[in-house]
Amino acid sequence: MSAIITVENVGKQYRLGQVSTGTISHDLNRWWHRMRGKEDPYLKIGDVNDRSLKADSEYVWALKNINFEVQQGDVLGIIGRNGAGKSTLLKILSRTTAPSIGEIKIKGRVASLLEVGTGFHPELSGRENIFLNGAILGMGKREITRKFDEIVDFAGVERYIDTPVKRYSSGMYVRLAFGVAAHLESEILIVDEVLAVGDGEFQKKCLGKMKDVSASEGRTVLFVSHNLLAVKSLCKTGLWLDNGISKEIDLIDKVIDDYMNKNQGTTSSSVTVEKESDGFIVHYIRVSNNGVEGSFNIEEDLLIEIKVSSQRSFASININLFFNTLDGTMIFATCSLAEKFVSGEFTYRCVIPAHTLNDIFYSLDVMVVREGPKVIHNLTETLTIEGIEGKREGDWLGKFPGLLRPEYFKWSKNNGNG
Amino acid sequence: MSSTHQKETGSWDLVIRPRTSLFNLNLNEVWQHKYLLWMFVRRDLVSIYKQTILGPLWFFIQPILTTIVFVVIFGNIAKISTNGQPRILFYLAGITMWNYFSETLTSTSNTFIVNASIFGKVYFPRLVMPLSKVISGLIKFAIQFLLFILVLAYFIISGAEVHPDLLGILLITPVVLFIMAGLGLGAGLILSALTTKYRDLVFLISFGVQLGMYAAPIIYPLSAIPAKYKWIILSNPLSSIMEAFRNVYLGAGELSLSGLLYSFTFMVVLVVTGTVIFNRVEKTFMDTV
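Listed in order, the protein sequences are those of chains A and B. Here the working numbering is used: the first residue of the first sequence is 1, the next is one more, and so on. Here the working numbering is used: the first residue of the second sequence is 1, the next is one more, and so on.
With the rest of the complex left out, here is chain A (with noise of 0.2 Å):
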């Protein structure tokens, strides 16, 4: 066993806010330091990544001081939430991107699949596909010829091999792309998120297709998921990545635990609105769960606090909360009892029994309606949420469909006709 990858202290900077006429000054001075020989001025200064907190300088560092190495033959898997950095460092690794400082060594041959089907063109057939494809990840023509059927069967789409790729069904798409990626005879596979995409079917079969090229072919394979579940079965390393910053590197199940059991106790995401309507101020809306920050264990309850103050009294005041997709389609809707409100501060709970949502996005919208009925606040999108499963009985590890998971639903198997 030796190092194929040694990532030594590497760190990616980025500036924020848009491109514009302050650019150039900046660019302007950073030519000005490198032709006296100094080192670049804004490498010194940015903040670490962390989204919710106020920027007080304009560069921040997506990824900073990561150092790691990667055994031959090893499967990483790396973890963390969104923003990261996560996908930077594999951008970096697959080079589409250069780091602002470190360095990575690397020993062989690397293939990113950091999408699938990246540069597939729509019109062409899925033969003049694989060829095309196959040559932009780095393959040759014999080698392209020689795993030609292997593909194709892999794929499973024989019949319409020479039809366009816009006609294909997009699991058709995804599978032709996985299967060009997955047979390309790299030393090392760098893959990204692919499995968030295709039917039940299909994930495994590239899980499966995964496990063989590091099982048996020898190959290190670096992966990224937001399946937990996914990333347990198949790594036996974990990375984990925190605003930027590399967390923990050990073994696959203790980097998960330590990653789901992150602040033993309550996490919560919080909103401050603070708006006033007809003397009705709406001052936050807090999520609490035994879990993970900036998202929620779905085995867990989820506490939702909304605190609400008033100098007048109403006849009756109700809470409603909404929980829609991020496309805006609403799931479902839960209101507190049209009650009388008398003046004071007060706090509203809802709790979400664990085992009622699933692990996608939500988000929540609010609304107070006084008597009349008339709506007093309506505040949408205040908070968005995301659910994770951190563990799962059987061998399934696919997604788990729906918007919901309700586990109270009762079945049951007789015999016969009974």
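What the hints contain is simulated information worked out from the structure, not anything from laboratory work. One or more hints might be untrue.
[Unchecked claim] Some but not every residue of chain A turned toward chain B, in silico, with C-beta under 10 Å:
1. D27
2. D74
3. S94
4. T96
5. G108
6. R109
7. S112
8. E115
9. G119
10. E123
11. F131
12. I136
13. G140
14. K141
Values in this document were obtained by computation on a predicted structure and should not be read as measured data. Using N, Cα and C, we set each Cβ at its ideal position, and we do this for glycine too.
Using the hints, position chain B against chain A.
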């Protein structure tokens, strides 16, 4: 990987660093990706006229219609001299050459913007993309050039006043094409690197190419320019190319070796500068595009 790179990195195949030296162009690596280059060329040619009825005939239609328009407007209405050459041939020669240049320039200058989605997901030497445009442009040029030759043959048979110089054609054609491709590529590379960050240039290119046609002897012969202003037109590296092309094929126009040498030097400087700038930008363009 270049050999100097190998030495300092020991047994590693690849080292990723923030910045490499200005002239570490990795042209070797481009050569290793020649199959990819060919696939891109194929893609451009095959996909462009898919789901059209006339298909590759469109390559002919565009220069024919443009020539007719030029004959009517610049020939019959504005009565601009064509050096005594048949107007159709004169304009067709100009359009065929100019098309190659402008096609190469525009298609390479938007390399980063058009391919951002591919470049953002997978690595290959970025230079492959503009090079593939130069080659697919060359193939499109060859088709249009065939049209020009057919029309030329028709005029010769019908006894018009054209005097092609066969030896000149063999010598000058490759030279002229090479310089033309280089000028388009070089300018395109520089512009592509600049447009990633400052989109202002996108606007400049689209009408710059339109207006640029009038700064070279495309619709008029060099001889029609008063001697006092000739240097302005001649400072355009495309001018002596156009003149040389018409000289060998039609027998009119100035064939000037010093002019060609000037164009060639200009082209080399442009290509080298373009490659260096392009190479510099390709590493981080994903952050700014």
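Each hint, compared with the structure:
no.: 1; hint: D27; in the structure: holds (8 Å)
no.: 2; hint: D74; in the structure: violated (17 Å)
no.: 3; hint: S94; in the structure: holds (6 Å)
no.: 4; hint: T96; in the structure: holds (5 Å)
no.: 5; hint: G108; in the structure: holds (6 Å)
no.: 6; hint: R109; in the structure: holds (8 Å)
no.: 7; hint: S112; in the structure: holds (6 Å)
no.: 8; hint: E115; in the structure: holds (5 Å)
no.: 9; hint: G119; in the structure: holds (5 Å)
no.: 10; hint: E123; in the structure: holds (4 Å)
no.: 11; hint: F131; in the structure: holds (6 Å)
no.: 12; hint: I136; in the structure: holds (6 Å)
no.: 13; hint: G140; in the structure: holds (6 Å)
no.: 14; hint: K141; in the structure: holds (5 Å)
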